[in-house]
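From first to last, the protein sequence lines are chains E and Z. Quick note: the first sequence, position 342, residue 342 per this note's numbering, numbers continuous. Quick note: the second sequence, position 348, residue 348 per this note's numbering, numbers continuous.
Be careful, since some hints might not be right.
Residues from chain E shown here face chain Z by an in silico Cβ test under 7 Å; the list is partial [what the hints assert, rightly or not]:
1) Phe-12
2) Leu-14
3) Thr-97
4) Tyr-101
5) Thr-102
6) Leu-105
7) Trp-111
8) Ile-112
9) Ile-115
10) Leu-118
11) Phe-122
12) Asn-342
13) Ile-346
By construction, these hints were calculated from the structure, which means they are not laboratory data. In this text, a Cβ means the ideal position worked out from N, Cα and C, and glycines have one as well.
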Amino acid sequence: MHILQLAIPPDFPLPIPGNLSLLEFLIVLTFILHIVFVNFTLSFATGAVALEGAGIVKKSKRLDDMARICSFHASIHKSIAVVLGVAPLLIVSVIYTQYFYTSTLLIGKAWISIIVLLITAFLLLYVYKFSWEKWENKKGLHFFVGLVASAILLFIPLIFIVNIVSMLYPEKWSSANGFFHSLFYYPQIWQRYAHFVLASLAAGGFYMYFYFAWKQKKQPLSDVEQSLKMGGVKVTFWITLLQLLFGSLLLISFRRDIVLLFMGDDLLLTVLLLVSILLTIVLCGLLYIVTKKDTQNVFYASVICFVLIVALMGWMRHEVRESYLQPYMDEHPRTLDVQKENVQPIK
Amino acid sequence: MDFPIVEFPWFGNGNIVALIAIIHVLISHGVAIGATAIVVSTEYYAMQTKNAKLDQLAKQLTKWIVIITTTVGAMTGVGIWLSTMVIQPDSIGSLLRIFFWAWVTEWVIFIGEVVLLLIYYYTWEKWKKGKEKQKHLNIGITLAVFSWLTMAIITGILAAKLTPGRWVETLSFWNAFFNPTYLPSLAFRTFLAVTLAISLFTIFVRLFVKDKDVRLPLFRIFSIWGAISLPATFIFGIWYLKSIPEQAAKLIVWSTGLPEQTFNVLNLIAFALIVVFLIWLVIRPKKLPAVLALAMFISAIGFIGEFEVVRESIRKPYIIYNYMYVNGITAAKAEAMNRDGYLAHSTIAKVKTITEENKIEAGREIYEGQCLACHTIDGWRSKRALANRLQGWPQKSIEAFIPSMHQVRPMMPPFVGTKEEVEALAAYLYKVVNEQN
Chain E
1 MHILQLAIPP DFPLPIPGNL SLLEFLIVLT FILHIVFVNF TLSFATGAVA
51 LEGAGIVKKS KRLDDMARIC SFHASIHKSI AVVLGVAPLL IVSVIYTQYF
101 YTSTLLIGKA WISIIVLLIT AFLLLYVYKF SWEKWENKKG LHFFVGLVAS
151 AILLFIPLIF IVNIVSMLYP EKWSSANGFF HSLFYYPQIW QRYAHFVLAS
201 LAAGGFYMYF YFAWKQKKQP LSDVEQSLKM GGVKVTFWIT LLQLLFGSLL
251 LISFRRDIVL LFMGDDLLLT VLLLVSILLT IVLCGLLYIV TKKDTQNVFY
301 ASVICFVLIV ALMGWMRHEV RESYLQPYMD EHPRTLDVQK ENVQPIK
Chain Z
1 MDFPIVEFPW FGNGNIVALI AIIHVLISHG VAIGATAIVV STEYYAMQTK
51 NAKLDQLAKQ LTKWIVIITT TVGAMTGVGI WLSTMVIQPD SIGSLLRIFF
101 WAWVTEWVIF IGEVVLLLIY YYTWEKWKKG KEKQKHLNIG ITLAVFSWLT
151 MAIITGILAA KLTPGRWVET LSFWNAFFNP TYLPSLAFRT FLAVTLAISL
201 FTIFVRLFVK DKDVRLPLFR IFSIWGAISL PATFIFGIWY LKSIPEQAAK
251 LIVWSTGLPE QTFNVLNLIA FALIVVFLIW LVIRPKKLPA VLALAMFISA
301 IGFIGEFEVV RESIRKPYII YNYMYVNGIT AAKAEAMNRD GYLAHSTIAK
351 VKTITEENKI EAGREIYEGQ CLACHTIDGW RSKRALANRL QGWPQKSIEA
401 FIPSMHQVRP MMPPFVGTKE EVEALAAYLY KVVNEQN
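For reference, chain Z alone in the conformation it holds in the complex:
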């Protein structure tokens, strides 16, 4: 516990980051990457078929890409970082030390992406004919490559949190970046982005694009892309699942908070839905029901929410696998803390030696440092609210539970600290739990 603690008692600290991340993934994957690829291919198709109206629609879509990505997209991207600084300072701080130059590169490419996007949109009318149109299209292709590159970089960092691979031994940047799940995860995300774009945009096309000369060719483009991206998402998704650590894979169903049956049924329905949707798009694009498009839209958002929550959650008890626990404790720290005490090695702890008088205060500090990352006292997620989980437990049982908590629940990190600290934590928890109930 080296930095001041910021607590979101009701919402839960982890949920803040998750909320911003979900919005960001929807926009960065679905809009910036997936939709760009589709828009550029639409422009190409319009050029080939000399369909001026379709060309204009591609331009319209680009305008929305500009507005969404430069406001909510860009700000939630920065926002994930700003919020993790507050909520997981040890983790993001360490990742920055490892991946600094990757982030710098990411930043440069992102600037390139924004510039290309603006050029692409604002030269649409200017570069309209013959060779110029080809030039415009080339800008679009470059843009699509750039937006994919930003993902190719950030995926290295994200994947390393789950599978840092040989990095933990070698501490080499390249080992961390090209880690065991890098390729599967990049391949999966690439096609997921396209599938996502189709699922998100169809409903708007269905509702607002009335002209059949435009809607039908656009749906055709969607279905061609979908025919590639859906099986690819599925296959690479399985590859990704196979390459994550066994301990993590076991936590997938649990992470969603659903019973296994419901989880399986829901995911099967979603999968069946998208297959039906795509087949419909190919066979009867004229009569695509708006309800089906809407169902796709909603399940796409649901899926991304699930994916993000699961991806963050299966890493438990680690924040950087095999290196740092969710509460910022590393092997080296744990060793020192078990020897000299957790509080003794916590920069901001006010209590350093525990006495009868400051016991509760000490317990509170330990709770904030070691448990708050995942738990609340009485937040809305009742499974994580200790007032709920510890209701009716005698103080002695809490005391007995703490040293073995990582064995009882493998998603929890081991407690670190001395015997007195266990007692202080138990005394504090017993007190607040009984005050709540």
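Same shape as in the complex, but just chain E:
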């Protein structure tokens, strides 16, 4: 390096198309919707493979049936997840252009590979779902297809995480060297990943509880469905307890001044954090009650709790990014009104 300077480009001379607060609200909202469906997809795909594997080892038809239901749900939610992902991606690239484009280009080839990875994973998931009966006698092969699809689905989030973490660290860009290097180069990557994978399992478990509790209102559940429902509750309970630990690990991986924002320096963030921890504990309590005595009221209370926690997490995530970028944004302002002198026709 000849001159040490940050590679933050000037913003485009064309203005950000819309009210910034509105766009920020929309990015939080649409991202939450997107990520919840990603969570579902990931947990059902991996859950199906795990259950099928366990079924093969224990020669249990029951586990196999459970796996099959999971695979069915995975294939529905994957389409919703992708479609819903477009909106937050649009907004992030419009309001954080200077950071997000650079971080994307730093891992350009990995970023483009998402297309191939997703198409492959989706087609494999279709094969996995539709060949359940046909390949009854080729269980190994069937299991393998599911395993590969799940492995791809577990890998793709790393690309996104590297991208959105790296955009927070402009001072580290000049020494970053591609995707695989970045995985171990930037702070918070693996903490975020762990927090995300656990959240997926918890969300998937909760979905099973929610879905079958809802279905139960109309018709009695089969044996397998009942196991999925209660299994879901247990998974969510234990994973959510673990999240208290992994969430804290993520928090302390932030830059010191950001951590302190959550510890009293910023009233809003501190309150958000405290409330979310409190709600998490309440949710665990409610889920514990469900395992003992499953009632309608507990069901509704837990759903409300779950939605609130997810909303708070999405909100805090946004505030973290804003806090990280604040000092840079003061130095490298965004274009909010058109810079007419910089938008000239070429004659």
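Since chain E is already given, all that's left is putting chain Z on it; use the hints.
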């Protein structure tokens, strides 16, 4: 050069986007739009003629529409965007600033389209009789309208890249969207979609639908649609051609990389082929040769490939006409860069002042920033590989060529930067070209 550069040295950066775009256009136009229109009319025809088997075939076709559009179709659509972010960040970034709300609308309508498609397919058996069948058909019609609407929106954005029209003066969204080629291009694409669907699907019907009670009425529907869509594609295509900028129109034949004669002959053959095919479909649907259907299938894919490559290529040297060159340089940037130096205004350039020692490195950075968008050093497309184009050139000649390159080859943007930067670029090119050869 404000963002890091990603290079696909062998394949060529532009070709990545082109490849994804071609697949996407085949699916979005041919399957999502064209085939949907045909399937819905087939359902209607089956209802009128009480042909239950034909109805089932329409359902089968819909299943394929679901599978293809929700996987490869949707992902290549998002993929065009993901890949242009990497390959043309300045362009896609600017387009997003101009057309953000159009894209948001596009997204909402696309969600609607997917939901309608799923409803349409999964209620086929449930809503079968009397009034319910009519309701099902209405869903299908709404679906066809929605899938057309997604095209009606994206066409505004695509057409604006070639003819932004008054936008460059007014910067008004509506001027950009309803630009001079919007209507011709939308009309052309609408009928192209139907023609494409017929060309793509006939071979499968010919090979896999054995039952004459089904195949013949289906071919009849194809030929009715074809009788409308083929002349319309042709007429609106000419209207479209007439409305593009003269400079761009001149580049059409060149863009295909074919000699003019071959270009004319090939396109005439393709046109004659589709006319013969349609007439055959009308007159002797029972005896449609599989070879003819296959030829249609292949030439349809060939035509879309040609169309996409030409559409992207005739815009040269611009990426957004009269506003931004392919390498991301705008009028305002060019002015500043010619004054203070290209590297001085390039965020990611490591060299800011050129010295004897860093000259080659500086040249490499300039090459990546200004030439890489269209050229490779030694990629497979030999016309764009500079190791080939500059073979045997002395360094002085390269140096003399660069400042006038946009006059010698009007598809190239003018070089921007200082005299020292020209020298650095020439020194770098001379070095790598001679290392390659």
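Taking the hints in turn, this is what the structure says about them:
Using the Cβ-Cβ criterion of 7 Å, the hint placing Phe-12 of chain E at the interface with chain Z is satisfied: the shortest such distance is roughly 6 Å. With its C-beta approaching chain Z no nearer than about 4 Å, Leu-14 of chain E sits inside the 7 Å limit, and its interface hint holds. For Thr-97 of chain E, the shortest C-beta to C-beta distance to chain Z is roughly 6 Å, which falls under 7 Å, so the interface hint holds. Restraint check, Tyr-101 of chain E versus chain Z: the minimum CB separation of about 5 Å is within 7 Å; hint holds.
Hint status for Thr-102 of chain E: holds, given a least beta-carbon distance of 6 Å to chain Z, under 7 Å. Satisfaction of the interface hint for Leu-105 of chain E is found here, the shortest Cβ-Cβ separation to chain Z being roughly 4 Å, below the 7 Å cut-off. With a least beta-carbon distance of about 6 Å to chain Z, the hint placing Trp-111 of chain E at the interface is held under the 7 Å criterion. At about 5 Å, the closest approach between the beta carbon of Ile-112 of chain E and any beta carbon in chain Z falls short of 7 Å, and the interface hint on this residue holds.
Taking 7 Å as the C-beta cut-off, the interface hint given for Ile-115 of chain E holds, the closest approach to chain Z being about 4 Å. Taken as an interface hint, Leu-118 of chain E checks out: its beta carbon lies about 6 Å from the nearest beta carbon of chain Z, inside 7 Å. The beta carbon of Phe-122 of chain E is positioned within 7 Å of a beta carbon in chain Z (closest approach about 5 Å), and the interface hint is therefore held. Given the 7 Å rule on beta carbons, the hint for Asn-342 of chain E holds: about 4 Å separates it from the nearest Cβ of chain Z.
Interface restraint check: Ile-346 of chain E against chain Z, minimum CB-CB distance 5 Å, threshold 7 Å, status holds.
Consistency with the previously given hints is maintained throughout, with no hint failing.
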